[in-house]
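FYI, our numbering numbers position 295 of the sequence shown as 296, with every residue one higher than the one before it.
Because the hints were derived from the structure by calculation, they are not lab data. Virtual Cβ for every residue (Gly too), placed ideally from N, Cα, C. Worth double-checking, as some hints may not be accurate.
To be verified - Subject to a maximum C-alpha distance of 30 Å in a straight line, what follows is the list of computed DSS-like cross-link-like pairs (lysine-lysine):
{"hint": "1", "residue 1": "K268", "residue 2": "K137"}
{"hint": "2", "residue 1": "K126", "residue 2": "K189"}
{"hint": "3", "residue 1": "K242", "residue 2": "K126"}
{"hint": "4", "residue 1": "K136", "residue 2": "K363"}
{"hint": "5", "residue 1": "K126", "residue 2": "K136"}
{"hint": "6", "residue 1": "K375", "residue 2": "K268"}
{"hint": "7", "residue 1": "K268", "residue 2": "K126"}
{"hint": "8", "residue 1": "K242", "residue 2": "K189"}
{"hint": "9", "residue 1": "K136", "residue 2": "K268"}
{"hint": "10", "residue 1": "K48", "residue 2": "K242"}
{"hint": "11", "residue 1": "K268", "residue 2": "K290"}
{"hint": "12", "residue 1": "K137", "residue 2": "K375"}
{"hint": "13", "residue 1": "K290", "residue 2": "K375"}
{"hint": "14", "residue 1": "K375", "residue 2": "K126"}
{"hint": "15", "residue 1": "K375", "residue 2": "K363"}
{"hint": "16", "residue 1": "K363", "residue 2": "K137"}
{"hint": "17", "residue 1": "K126", "residue 2": "K137"}
{"hint": "18", "residue 1": "K363", "residue 2": "K268"}
{"hint": "19", "residue 1": "K126", "residue 2": "K363"}
{"hint": "20", "residue 1": "K375", "residue 2": "K136"}
As the list claims (entries may be wrong) - Computed beta-carbon distance windows for the label pairs:
{"hint": "21", "residue 1": "G374", "residue 2": "I212", "range": "28 to 34 Å"}
{"hint": "22", "residue 1": "P371", "residue 2": "E27", "range": "21 to 27 Å"}
{"hint": "23", "residue 1": "P170", "residue 2": "F190", "range": "18 to 24 Å"}
{"hint": "24", "residue 1": "L203", "residue 2": "A289", "range": "52 to 58 Å"}
{"hint": "25", "residue 1": "A306", "residue 2": "H241", "range": "29 to 35 Å"}
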Amino acid sequence: MAAPAEIITEARPRVISLRWIISGREDLIWFIGSVLSSYALLLLYIKGIVPLVPMVALWAILIDAPHVFGTFSRTYFDRTERRNRARLLWGSLLFFVVGPLMVFLGAGLIFFFVAALWAYYHLVKQHYGFMVLYKKKNGDLAPVDNALDRLFLFFAFNYPFVAFIAQDPEAMLRVPPGLQSGVTGLAKFLLAGTIIVGAAWLVRQLQRVIIGLPLNVPKYLLLAAAIPMHWIVLLTPMPHKPIAIVAILTIYHNLQYHRLIWFHNQKYTNRTAVGRSETPAMGLDLRAKYGAAELISRRLLFYIAFGIVFGLIYQGPRQYLGYVSINERGSTGALTAPAFATQVAISFLWGYAFIHYYLDSKIWRVRRDPSVGKALRMD
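Kindly generate the complete structure, drawing on both the sequences and the hints.
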């Protein structure tokens, strides 16, 4: 007896894979298209439309610090997380001590150099994290692809950063003297690695087409947004570049993160992607379970307002200290008492960023923490 045609017909393999984290529209706007914010800030700055200090200060207070608060909203302000991750959260507060201790020991230059490296690594790590989410969503988990994707990101993001340091005198002054001679050589090595690994990565994508493996389009779009932007910003000449690029590079990262946090934090209100809200009884249960996190995430306006208040507390003093007092030096070039005190204060305030960087490396592990995968709807 012949089987029905629909049973014996073989399923055609997918040519492309288009599974998104939130939805096609939301991902294209916030996780990929928000790269336009970096290009806009770059253009406004190099054309002299927006001065350096207002640009960086407003970005830091209104956008960057609130994204740090986003991490705190789902850790320190979450009653369940405080209980489950008590050692991690309270132990992370020691980062406030590291900077002042190093400044007191005369290692301030090393501290601020390491802080800058960690800040850039954090940007790259977030791009990697989004790439991994797209890989999981789209079943793009073959070992060879995992290895090539990781290597491609490492070289493609790190070459322009090291090349920027090698080419910019202001940036080189921030490198400890013992490391300055190796910067140019490292840049050449990373450029060679980028070319070799990039070629291997492209060959692998062609191989996927030939053997009929689906192409992970969201991953490609993410990489096409993030990598060229880093190269353009880091290799474009501009005044006071070490300060300016912090805002220009990071605003894209900020907007991505804000949207991911808001998507994740819907678990505190029991709202779904289509907007279903909790009943009063559910609201009371969530409030009892999560504490302040429920209030922060109850309305977008609440989240924004709390974030800006945090920005005023954290980045307000940091911006003032950074741009008014940090360059005070005595006639011999040694730090005067006010400048030394300023370095101690700034190094203390770096603790907020360090906690954010460190916690972010722990709290988004979808495989190890099923609750994160559930909140991000990875299934």
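Hints the structure fails to honour: Nothing - there is no hint that the structure violates, so all of them hold.
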